[in-house]
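Colleague: Chains A and B supply the protein sequences, listed in that same order. According to the numbering used here, the first sequence is numbered sequentially starting from 57. According to the numbering used here, the second sequence is numbered sequentially starting from 335.
Hints may be right or wrong, so weigh each one.
[Claimed, not checked] Here are a few chain A residues that sit away from chain B, every Cβ distance over 10 Å (derived from the structure):
{"no.": "1", "residue": "Y63"}
{"no.": "2", "residue": "V94"}
{"no.": "3", "residue": "M193"}
{"no.": "4", "residue": "P216"}
{"no.": "5", "residue": "D220"}
{"no.": "6", "residue": "H227"}
{"no.": "7", "residue": "T229"}
{"no.": "8", "residue": "W234"}
{"no.": "9", "residue": "E235"}
{"no.": "10", "residue": "P266"}
[Unchecked claim] With a straight-line Cα cutoff of 30 Å, these simulated DSBU-like cross-link-like pairs (lysine-lysine) come out:
{"no.": "11", "chain 1": "A", "residue 1": "K224", "chain 2": "B", "residue 2": "K418"}
{"no.": "12", "chain 1": "B", "residue 1": "K662", "chain 2": "B", "residue 2": "K625"}
{"no.": "13", "chain 1": "B", "residue 1": "K629", "chain 2": "A", "residue 2": "K207"}
{"no.": "14", "chain 1": "B", "residue 1": "K550", "chain 2": "B", "residue 2": "K418"}
{"no.": "15", "chain 1": "B", "residue 1": "K527", "chain 2": "A", "residue 2": "K224"}
{"no.": "16", "chain 1": "B", "residue 1": "K527", "chain 2": "A", "residue 2": "K200"}
{"no.": "17", "chain 1": "A", "residue 1": "K224", "chain 2": "B", "residue 2": "K625"}
{"no.": "18", "chain 1": "A", "residue 1": "K200", "chain 2": "B", "residue 2": "K625"}
{"no.": "19", "chain 1": "A", "residue 1": "K200", "chain 2": "B", "residue 2": "K550"}
{"no.": "20", "chain 1": "B", "residue 1": "K364", "chain 2": "A", "residue 2": "K245"}
{"no.": "21", "chain 1": "B", "residue 1": "K625", "chain 2": "A", "residue 2": "K207"}
Bear in mind the hints are in silico, worked out from the structure with no lab data behind them. For every residue, glycine included, the Cβ atom is placed at its ideal position computed from N, Cα and C.
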Amino acid sequence: MSFTDTYVEVDGCRTRLRRGGAGAPLVYLHGASGAPVVMPFMEKLARRFDVLVPEHPGYGLSGEPEWLENIHDMAYFYLDFLKELNLEDAVIVGSSMGGWIALEMAVRDTSRISSLVLVSPAGIAAPGVQPADIFLMPPEEVIKNLFFDEKLAQARLAQPEDIDISLKNRHTTARLAWEPRLHDPFLPKWLHRIQVPVKIIWGRQDRILPVGILDELKRLLPKAQAHIVENCGHLPHAEKADEFVDLVCR
Amino acid sequence: MPYAELDLEAGRRNGTVWVKLPNRHFDPEKGHRLYNRYLDELEYGEELGFDALGVNEHHQTAYGLMPSPIVTASALARRTSKTKIAILGSALPLRSHPLTVAEEHAMIDVISGGRLISGFVRGIGAEYHTFGVNPTFSHERFHEAHDLIVRAWTEPGPFSFRGRHYSVQYVNLWPRPYQKPHPPIWIPSQGSKETIDWASHPERRYAYLQTFSPAKVVARYLKMYRDTCKGYGYEASDSQLGWAVPVYVGETDQRARDEARAHFEAFRNVFVRMPLEMLLPPGYTSRESLKNVMKAKAQMFGDVTLEQALELGLFVCGSPATVLDNFKTYWSEMRFGNLLVMCQFGTLPADLTRSNLELFAREVMPALKRLA
């Protein structure tokens with residue numbers, strides 16, 4: 057399945073967009089480390105969906121708009137993105153920071169959203185659960201802690217890194233998530249507004265956002281379906297692509 | 335104002351004494367003795383003829399026991415009568431309300447009869463970790479807090495202030511500062527073009543104080559400051575330039591080195607040390623500067639011996655004649671009008687700190703003052 061690689065302009069931000077496949081639209085919202093390449097799970101999803109993989113404002117090759125100051129700005133941007141591209145009944149799949157963006161979008165407006173798939177999402181703090189401090193860890197340490205399978209971490213570390221892009225990604229992540237750290241304390245108040253179906257997928261051995269947060273999220277979203285992926289770290293879509301795609305398509 | 339009683343091995347094992355060194359390593363009884371010793375040493379500085387006594391702000395670290403320089407400056411305001419008291423500086427972006435800085439500095443200025451020098455800093459990177467303040471807003475918060483403070487000091491109140499980070503319906507400062515239009519403002523910095531552009535602007539002309547850097551780096555930034563002033567169409571006066579550097583004076587070169595070695599190396603290699611991610615969180619500096627630091631990482635983050643530090647001009651140490659000679663050479667290159675000597679550093683004990691202060695004040699300082 058081949059993906060196109062183009063740019064779209066939304067809210068004055070030149071936004072990189074990979075798009076491939078056919079079917080209902082599915083927008084993948086990446087996490088703090090961006091979405092530099094088309095990954096196997098995207099190819100697999102493209103057999104069923106019209107898969108759209110934007111790079112967020114402030115990440116990768118997308119622009120860095122001055123208006124981007126917090127996660128709410130990002131949520132409004134993606135609501136405008138859905139409108140600008142005239143997407144309807146879109147599945148929003150968000151990993152980590154991307155899951156947080158999906159939640160912030162959905163409490164505001166689900167008129168163009170058919171369902172959410174939250175993959176180890178940030179955005180919610182759970183009592184007694186301490187996420188990893190990704191800002192104090194050296195970048196290599198973050199990568200080692202992303203995966204359950206050490207070989208996958210080593211493979212990721214062996215890939216050449218574009219230092220400018222990784223500093224840019226880290227900057228934007230700090231801008232959005234430094235304080236309060238990786239969550240919005242006011243978000244739980246409004247989660248009841250999310251009436252579309254929600255799936256939550258979490259790696260059992262997630263060392264970045266521990267799976268304990270899932271209990272809190274299930275309490276806040278009682279109708280959501282939760283799936284824990286065994287022998288899996290923070291990125292189930294990367295680490296267990298087949299199982300992940302099955303869960304999304306199920 | 336280090337926690338000189340620190341178990342240095344524990345500090346080393348922890349990798350840094352900042353942010354996450356468990357505070358069980360702080361013993362309040364030892365802390366009580368240290369605070370009083372350091373305050374005595376500062377007060378002795380007046381007797382020895384120093385023009386100003388400097389205090390600074392660092393948080394949640396064994397490096398420095400002054401989370402509030404306001405407390406130490408207040409104590410000095412009552413126990414001294416002639417010297418200036420320099421707060422170098424208050425970390426503006428870390429405050430949730432900058433008016434508290436305007437008020438506290440104004441109080442000290444009034445209590446001391448106009449002896450306050452107000453320094454403003456952003457706080458170091460580690461403090462964005464300890465305080466949770468978002469480092470990508472650090473510059474914005476600094477500038478906005480500065481504007482609010484200076485307006486509060488100078489404009490008739492009440493007036494309202496509308497910023498993006500701070501918003502106040504009634505700014506109406508009681509007390510107003512003693513000095514007119516306000517206490518002199520100094521900007522301590524580890525070196526940054528953005529800071530120099532801002533501090534040297536004709537509307538401000540704030541004294542720029544380069545802190546704890548190799549002499550070559552100090553010279554480069556002080557020259558950058560002068561050049562920037564020229565670009566603005568005026569000549570910087572020497573009084574706009576300053577250098578803060580640890581100094582140790584002993585009877586002879588050899589004795590000075592022997593006495594200072596362990597204490598300086600503890601300062602440089604234990605108390606100052608921190609990993610890159612702690613020192614420079616995202617947004618604290620430009621990404622360009624961050625990349626340059628990453629390239630120089632090995633050099634910046636490795637251990638430095640006393641001899642290497644002397645070579646680099648990170649430290650000035652020797653007999654009175656050697657120290658005077660070094661400073662004369664540095665001064666003729668850089669023409670800094672202000673020299674801030676750190677006469678206590680790391681684990682340097684009370685007796686050596688005292689003899690250092692005395693030798694510097696009696697045998698080095700008078701000749702240095704005549705240079706200006």
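Colleague: With reference to the structure, classify each hint as holding or not holding.
Modeller: A quick look at each hint next to the structure:
Against the 10 Å criterion, Y63 (chain A) stays outside the reach of chain B, whose nearest CB is about 22 Å from its own CB. Taking the minimum C-beta to C-beta distance to chain B, about 26 Å, the non-interface status of V94 (chain A) holds against the 10 Å cut. Look at M193 (chain A): its CB is around 7 Å from the nearest CB on chain B, not clear of 10 Å, so calling it non-interface is violated. Here P216 (chain A) stays apart from chain B, with its beta-carbon at least about 16 Å from theirs, past the 10 Å limit.
Separation of D220 (chain A) from chain B is inadequate, the least Cβ-Cβ distance of about 7 Å not exceeding the 10 Å criterion. Non-interface status of H227 (chain A) relative to chain B is broken: a Cβ of that chain comes within 10 Å, the nearest being about 4 Å off. A beta-carbon of chain B is positioned within 10 Å of the beta-carbon of T229 (chain A); the least distance is around 7 Å. Distance to chain B contradicts W234 (chain A) as a non-interface residue, since its nearest Cβ pair spans about 4 Å, not more than 10 Å.
Distance to chain B contradicts E235 (chain A) as a non-interface residue, since its nearest Cβ pair spans about 5 Å, not more than 10 Å. Its beta-carbon lying about 19 Å from the closest one in chain B, P266 (chain A) satisfies the requirement of being farther than 10 Å from that chain. A threshold of 30 Å between alpha carbons decides the hint, and for K224 (chain A) with K418 (chain B) the separation of about 43 Å lies outside it, so the pair is violated. For the hint pairing K662 (chain B) with K625 (chain B), the CA-to-CA distance comes to about 35 Å; that exceeds 30 Å, so the pair is violated.
The straight-line distance between the Cα atoms of K629 (chain B) and K207 (chain A) is roughly 28 Å, inside the 30 Å bound, and the hint therefore holds. Between the alpha carbons of K550 (chain B) and K418 (chain B) the distance comes to roughly 29 Å, so the proposed pair stays at or under 30 Å and holds. A distance of roughly 20 Å separates the Cα atoms of K527 (chain B) and K224 (chain A); the hinted pair therefore holds under the 30 Å criterion. Between the alpha carbons of K527 (chain B) and K200 (chain A) the distance comes to roughly 36 Å, so the proposed pair goes past 30 Å and is violated.
A threshold of 30 Å between alpha carbons decides the hint, and for K224 (chain A) with K625 (chain B) the separation of about 11 Å falls inside it, so the pair holds. For the proposed pair K200 (chain A) and K625 (chain B), the alpha carbon gap of about 22 Å is at most 30 Å, so the pair holds. A C-alpha spacing of about 39 Å is found between K200 (chain A) and K550 (chain B), which places the hinted pair above 30 Å, so the restraint is violated. Proposed proximity of K364 (chain B) and K245 (chain A) is contradicted: the alpha carbons are some 48 Å apart, above 30 Å.
For the suggested pair K625 (chain B) and K207 (chain A), the alpha carbons sit about 29 Å apart, so the restraint of at most 30 Å is met.
Hints 3, 5, 6, 7, 8, 9, 11, 12, 16, 19, 20 from the list above are not met by this structure, while the remaining hints are.
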